[in-house]
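Enquirer: Let the hints inform the model, and build the full structure from the sequences given.
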Amino acid sequence: MWEKTGKALRLRRKETDMIELTTPISEEAAAKLQVGDTVEISGYILCGRDAVLPRVLKMIGDGTVGELGVDLRGQVVFHTAVSVAGVGPTSSNKLEIESSIEPLSRAGVKLHLGKGQLKKETIEALERYNAVYAVIPPVTALLGSKTSEARVVAFPELGMEALHLIKVDKYPAIIGAAHGRSIYD
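Under the numbering used here, think of the first position of the sequence shown as 1, with each following residue one higher.
Calculated directly from the structure, the hints in this document are not laboratory data.
Just so it is clear, the structure is predicted and the values come from calculations on it, not from any experiment.
Any given hint could be a false lead.
The calculated DSS-like cross-link candidates involving lysine-lysine, where the alpha carbons are at most 30 Å apart (straight line), are [to be verified]: (1) Lys58 to Lys94; (2) Lys94 to Lys146; (3) Lys115 to Lys146; (4) Lys58 to Lys119; (5) Lys94 to Lys170; (6) Lys170 to Lys120; (7) Lys94 to Lys120; (8) Lys94 to Lys32; (9) Lys170 to Lys32; (10) Lys146 to Lys167; (11) Lys119 to Lys32.
Label pairs and their computed distance ranges (CB to CB) [as the list claims (entries may be wrong)]: (12) Glu149 to Lys58: 20 to 28 Å; (13) Tyr184 to Glu40: 21 to 29 Å; (14) Lys120 to Ser148: 30 to 38 Å; (15) Pro156 to Met18: 34 to 42 Å; (16) Ile174 to Gly63: 15 to 23 Å; (17) Asp17 to Gly63: 41 to 49 Å; (18) Thr22 to Val84: 20 to 28 Å.
Using N, Cα and C, we set each Cβ at its ideal position, and we do this for glycine too.
Expert: Given below as structure tokens:
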């Protein structure tokens, strides 16, 4: 329901409209998500962006991804670097990032978290593998307050762009692509 606040209109939602997701995300939970759903994500999620995601894809291709010690099935991949300043989404439509979405989904990743519009082909790939894309607000202070742990999983030589595993509590996001549809359409 829309309500007027001063000169602006804002969407008023009931608290029950928020969908709580806990990692790992099941096939059933991913299948129920629809474009426009608001979610809160809790649990352990992977963080990677331009520098590290191509390396993870190489490990998948080589059959060595198990060496990461992290199961990709049901996983969330957040397109971000991790630093002492916190985390914040980078554009998911960068070549190295967007081209990782299909193979990561094929490997079992259920939710890709970032910002920006994806290509139609990427949205179709998400549908094929029962995975979704969610957009997250670029508010480092908010996300930092909801992040309680961080550790490097692989490629420490990349510094803040290494593959990280972080523990999050109620990360807010909006489902931006699911079932072949996009919030940007």
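Enquirer: All hints are to be evaluated individually against the structure, with a verdict given for each.
Expert: Okay, the hints, checked on the actual structure:
1. Lys58 to Lys94: Given pair Lys58, Lys94 holds - Cα atoms ~18 Å apart, limit 30 Å.
2. Lys94 to Lys146: OK: Lys94 and Lys146 at ~26 Å, within 30 Å.
3. Lys115 to Lys146: Holds. Lys115 to Lys146 sits at ~18 Å (cutoff 30 Å).
4. Lys58 to Lys119: holds (22 Å)
5. Lys94 to Lys170: holds (26 Å)
6. Lys170 to Lys120: holds (29 Å)
7. Lys94 to Lys120: It holds: about 14 Å lies between the C-alpha atoms, which stays within 30 Å.
8. Lys94 to Lys32: OK: Lys94 and Lys32 at ~27 Å, within 30 Å.
9. Lys170 to Lys32: holds (19 Å)
10. Lys146 to Lys167: Within the cut-off at roughly 8 Å; holds.
11. Lys119 to Lys32: Measuring from Cα to Cα gives roughly 22 Å; hence the hint holds.
12. Glu149 to Lys58: 20 to 28 Å: holds (27 Å)
13. Tyr184 to Glu40: 21 to 29 Å: Distance hint for Tyr184, Glu40 holds at roughly 22 Å.
14. Lys120 to Ser148: 30 to 38 Å: holds (37 Å)
15. Pro156 to Met18: 34 to 42 Å: holds (36 Å)
16. Ile174 to Gly63: 15 to 23 Å: Between Ile174 and Gly63, where Cβ atoms are some 35 Å apart, the hint is violated.
17. Asp17 to Gly63: 41 to 49 Å: For Asp17 and Gly63 the Cβ distance comes to about 42 Å; the hint holds.
18. Thr22 to Val84: 20 to 28 Å: Given a distance of about 27 Å, which is inside 20 to 28 Å, the answer is holds.
Hint compliance for this structure: hint 16 alone is broken.
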